[in-house]
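The sequence shown begins at 214 in this note's numbering and counts up by one.
These are calculated hints, taken from the structure and not from any lab test.
Please note: incorrect hints may appear among the correct ones.
DEER-style ranges, computed between Cβ atoms [claimed, not checked]:
#: 1; residue 1: Asp220; residue 2: Trp243; range: 16 to 22 Å
#: 2; residue 1: Arg272; residue 2: Tyr239; range: 20 to 26 Å
#: 3; residue 1: Ala225; residue 2: Ala276; range: 20 to 26 Å
Mimicking SDA-like on lysine to any residue, the simulated pairs with C-alpha atoms at most 20 Å apart in a straight line are [stated by the list, open to error]:
#: 4; residue 1: Lys238; residue 2: Tyr263
#: 5; residue 1: Lys238; residue 2: Leu277
#: 6; residue 1: Lys238; residue 2: Ala224
#: 7; residue 1: Lys280; residue 2: Asp246
#: 8; residue 1: Lys238; residue 2: Ala275
#: 9; residue 1: Lys238; residue 2: Ala228
#: 10; residue 1: Lys280; residue 2: Leu233
#: 11; residue 1: Lys280; residue 2: Gly237
#: 12; residue 1: Lys280; residue 2: Gln232
#: 13; residue 1: Lys280; residue 2: Asp242
The beta-carbon is built from N, C-alpha and C at its ideal position, and this holds for glycine as well.
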Amino acid sequence: GGAVDDDARFAAAIAGFGQLLTGGKYLGDWGWDQAIELALAARGSDDFGYRIEAVNLMRTAAALSAK
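Using the sequences and the accompanying hints, generate a full structural model.
Next up, the structure:
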């Protein structure tokens with residue numbers, strides 16, 4: 214939904230996730246919560262469950278990075 218389609222927004226969330234995994238030095242104050250929120254908002258139909266699985270991986274990585 215919106216001006217940018219779900220695929221592009223989900224791709225941005227995944228790109229941000231990749232940056233966070235490598236330290237996130239280019240993300241400013243954009244963090245795990247924002248990546249997860251964006252991915253969830255851009256989930257779309259997710260016929261095969263791949264997008265929600267990616268969100269679950271983000272949540273796991275966020276929890277591990279907090280330790």
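Right, here's what the structure says about each hint:
For Asp220 paired with Trp243, a C-beta distance near 20 Å keeps the hint of 16 to 22 Å intact. At roughly 22 Å, the beta carbons of Arg272 and Tyr239 sit within the given window of 20 to 26 Å. Taking the beta carbon of each, Ala225 and Ala276 are about 22 Å apart, inside 20 to 26 Å as hinted. For the given pair, Lys238 sits about 27 Å from Tyr263 by alpha-carbon distance, which is inconsistent with the 20 Å threshold.
Restraint check for Lys238 and Leu277: satisfied, since their Cα atoms lie roughly 18 Å apart, inside the 20 Å limit. For the hint pairing Lys238 with Ala224, the CA-to-CA distance comes to about 19 Å; that is within 20 Å, so the pair holds. Distance hint between Lys280 and Asp246 is fulfilled; the C-alpha atoms sit about 16 Å from each other, no more than 20 Å. A C-alpha spacing of about 16 Å is found between Lys238 and Ala275, which places the hinted pair at or below 20 Å, so the restraint holds.
Between the alpha carbons of Lys238 and Ala228 the distance comes to roughly 13 Å, so the proposed pair stays at or under 20 Å and holds. Between the alpha carbons of Lys280 and Leu233 the distance comes to roughly 15 Å, so the proposed pair stays at or under 20 Å and holds. The suggested pairing of Lys280 with Gly237 holds, with an alpha-carbon distance near 17 Å, which does not exceed 20 Å. Our distance criterion of 20 Å between C-alpha atoms is met by Lys280 and Gln232, whose separation comes to about 19 Å.
For the hint linking Lys280 to Asp242, the alpha-carbon distance of about 19 Å falls within 20 Å, and the restraint holds.
Hint check: a violation occurs at hint 4 only; the rest are consistent with the structure.
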